[in-house]
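There are 2 protein chains.
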Amino acid sequence: MISETDILKTFQHLVKRSDADESIIIGSGDDAAVINTKDKCLVHSVDISKINSHFPRNFLPNDIAYRSIAIALSDLAAMGAYPSFITIGLTCDEKKIEWYERFSKGVEESMNEFNFSLVGGDITYGELSVCVNVFGYLFDKPLLRSGAKPGDKIFITGQLGHGQKGLEDFKRKNDSISLEKFKKPTPQFKKSKHISSFASSCVDISDGLIKDLTSICSMSQVGAKIIYEDIPKLRGIDDLSYGDDFELCFTTSDKNIKQLNKDDYFCIGEITSDKEITLLNANNEVKLEKDGWDSFK
Amino acid sequence: MISETDILKTFQHLVKRSDADESIIIGSGDDAAVINTKDKCLVHSVDISKINSHFPRNFLPNDIAYRSIAIALSDLAAMGAYPSFITIGLTCDEKKIEWYERFSKGVEESMNEFNFSLVGGDITYGELSVCVNVFGYLFDKPLLRSGAKPGDKIFITGQLGHGQKGLEDFKRKNDSISLEKFKKPTPQFKKSKHISSFASSCVDISDGLIKDLTSICSMSQVGAKIIYEDIPKLRGIDDLSYGDDFELCFTTSDKNIKQLNKDDYFCIGEITSDKEITLLNANNEVKLEKDGWDSFK
Numbered sequence: 000m001i002s003e004t005d006i007l008k009t010f011q012h013l014v015k016r017s018d019a020d021e022s023i024i025i026g027s028g029d030d031a032a033v034i035n036t037k038d039k040c041l042v043h044s045v046d047i048s049k050i051n052s053h054f055p056r057n058f059l060p061n062d063i064a065y066r067s068i069a070i071a072l073s074d075l076a077a078m079g080a081y082p083s084f085i086t087i088g089l090t091c092d093e094k095k096i097e098w099y100e101r102f103s104k105g106v107e108e109s110m111n112e113f114n115f116s117l118v119g120g121d122i123t124y125g126e127l128s129v130c131v132n133v134f135g136y137l138f139d140k141p142l143l144r145s146g147a148k149p150g151d152k153i154f155i156t157g158q159l160g161h162g163q164k165g166l167e168d169f170k171r172k173n174d175s176i177s178l179e180k181f182k183k184p185t186p187q188f189k190k191s192k193h194i195s196s197f198a199s200s201c202v203d204i205s206d207g208l209i210k211d212l213t214s215i216c217s218m219s220q221v222g223a224k225i226i227y228e229d230i231p232k233l234r235g236i237d238d239l240s241y242g243d244d245f246e247l248c249f250t251t252s253d254k255n256i257k258q259l260n261k262d263d264y265f266c267i268g269e270i271t272s273d274k275e276i277t278l279l280n281a282n283n284e285v286k287l288e289k290d291g292w293d294s295f296k
Numbered sequence: 000m001i002s003e004t005d006i007l008k009t010f011q012h013l014v015k016r017s018d019a020d021e022s023i024i025i026g027s028g029d030d031a032a033v034i035n036t037k038d039k040c041l042v043h044s045v046d047i048s049k050i051n052s053h054f055p056r057n058f059l060p061n062d063i064a065y066r067s068i069a070i071a072l073s074d075l076a077a078m079g080a081y082p083s084f085i086t087i088g089l090t091c092d093e094k095k096i097e098w099y100e101r102f103s104k105g106v107e108e109s110m111n112e113f114n115f116s117l118v119g120g121d122i123t124y125g126e127l128s129v130c131v132n133v134f135g136y137l138f139d140k141p142l143l144r145s146g147a148k149p150g151d152k153i154f155i156t157g158q159l160g161h162g163q164k165g166l167e168d169f170k171r172k173n174d175s176i177s178l179e180k181f182k183k184p185t186p187q188f189k190k191s192k193h194i195s196s197f198a199s200s201c202v203d204i205s206d207g208l209i210k211d212l213t214s215i216c217s218m219s220q221v222g223a224k225i226i227y228e229d230i231p232k233l234r235g236i237d238d239l240s241y242g243d244d245f246e247l248c249f250t251t252s253d254k255n256i257k258q259l260n261k262d263d264y265f266c267i268g269e270i271t272s273d274k275e276i277t278l279l280n281a282n283n284e285v286k287l288e289k290d291g292w293d294s295f296k
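These protein sequences, in sequence, are chains A and B. Just so you know, we're using numbering that gives the first Met the number 0 here: the first sequence kicks off at 0 and counts up by one. Just so you know, we're using numbering that gives the first Met the number 0 here: the second sequence kicks off at 0 and counts up by one.
One or more of the hints may lead you astray.
Identical copies carry no separate label here, and so any pair may be met within one copy or between two of them.
Result set (EDC-like, lysine to aspartate or glutamate): computed pairs, CA atoms no more than 16 angstroms apart in a straight line [claimed, not checked]:
| # | residue 1 | residue 2 |
| --- | --- | --- |
| 1 | K49 | D92 |
| 2 | K210 | E3 |
| 3 | K104 | D62 |
| 4 | K224 | E97 |
Hints listed in this document are in silico derivations from the structure and should not be mistaken for laboratory results.
Based on the sequences and whatever the hints tell you, model everything.
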């Protein structure tokens with residue numbers, strides 16, 4: 000039987016790396032971490048990834064770690080923030096130390112990719128679940144869901160459908176770009192930074208475009224008209240209620256559009272004042288109409 | 000079937016309270032919270048409380064919330080910090096909205112008692128587990144585990160054994176002070192504040208006095224000699240490896256002892272230079288001797 004101490008040892012070298020981060024005054028190993036935020040506003044979010052809900056049962060431990068952390072980090076990108084440090088609350092019933100070593104490897108890969116410190120965590124016995132706490136700082140102003148104005152254009156940062164197809168490909172053991180994206184989602188920090196000074200609202204597409212856009216509309220007290228054909232999506236994917244893509248959906252006024260090149264940012268519609276969300280086809284015919292926001296929730 | 004939105008509504012009035020906290024720039028409802036730490040060092044810890052491990056199966060939802068939060072806050076007290084805000088990652092398979100309403104009631108009770116804001120969280124379906132993220136600021140300097148010096152006196156802040164007896168009383172349906180303390184542990188903020196300028200090391204007794212004191216000795220590269228009869232403990236409790244009391248164990252040099260009144264602070268021994276932990280009876284006979292620290296882990 001492995002002990003908690005054995006498990007914690009598999010993370011020790013990662014926590015040790017926070018010694019090089021001068022803002023981390025006390026890292027892990029004590030009762031709590033102490034961080035000098037240096038008069039910057041702290042941005043914090045928490046996200047739970049659970050076996051069978053957020054990743055399939057036979058997902059590899061390094062992929063579980065990487066995916067759970069990347070998904071949590073995506074909330075920072077959606078807020079116009081970059082990561083600085085994280086803590087992990089791991090619930091796990093694995094009995095082999097190799098599992099934890101591989102999980103730790105996935106944490107390390109994500110640290111190398113996204114440049115943050117691991118400053119602590121907790122571990123308890125139970126069905127596999129990863130509670131990731133992410134902390135960061137703003138690029139510029141916070142990107143809220145509540146700032147969209149009628150007339151603003153609606154953009155998304157990439158093709159939708161990889162989340163859905165990636166999971167299907169995993170089940171079919173079919174290697175694909177979508178599977179890679181499912182294993183290693185990319186929080187959109189670069190694009191978040193680029194738009195952070197001029198986007199009027201922003202959300203990451205984790206629950207599906209329609210639901211996430213609804214959340215912008217609801218919190219901004221506006222509606223939206225989107226053109227189905229303008230939404231970049233994988234062939235065969237037509238369910239806009241499927242999430243897990245972690246692209247950003249944001250709004251901005253006409254005057255800023257010149258800052259958004261067409262290869263990276265896709266205009267899919269416009270904010271309206273009527274508090275309805277309407278999905279049109281290319282001939283301006285209504286494909287889907289929802290009266291009010293609550294019906295989407 | 001209740002929806003995630005229904006569940007989140009049971010916490011909305013609590014999150015709303017953070018509007019009154021001027022340091023919370025954006026509370027919950029968006030992708031992440033934004034907090035102005037105002038150039039103060041942030042202290043952060045994460046703690047998971049799991050059904051059957053940290054509380055019994057038939058524990059009431061308000062008690063689950065209160066106890067989980069109080070235990071997590073105890074790490075801040077151990078660090079010489081007071082609470083400011085928290086987030087909760089709740090995994091739960093309860094299907095009745097009343098359960099969440101009562102859980103929310105327990106969160107509210109702890110907010111009233113310990114004065115912090117709730118700024119966000121996540122909820123997912125699964126076996127009951129509460130991942131509590133606590134955030135606070137230092138009273139003075141951080142109280143580390145690593146500052147104990149040979150000759151320092153070792154103190155604890157209260158009687159041990161309530162954690163163990165409280166759980167037994169819960170199982171026997173026996174109302175008692177211990178049961179009340181088990182349901183509502185008290186993070187020792189007042190005493191933490193009092194000692195924070197002069198304690199040389201500190202830990203909260205969550206894993207048992209011997210194990211927690213070992214952690215101070217290990218991180219301070221020292222040993223300890225403690226007198227069994229000087230340890231205040233409930234009658235019938237003699238297992239010093241049982242935790243869950245959440246009293247503080249701290250060390251300080253002789254010159255500060257006059258600041259510690261004997262009703263609130265109990266001297267149980269002294270730090271030594273020999274890297275061993277020795278438990279003596281009143282006649283200075285060895286009751287328990289451990290050579291080195293690892294054997295305790």
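Problem - Structure-inconsistent hints, enumerated in ascending order - result: 4
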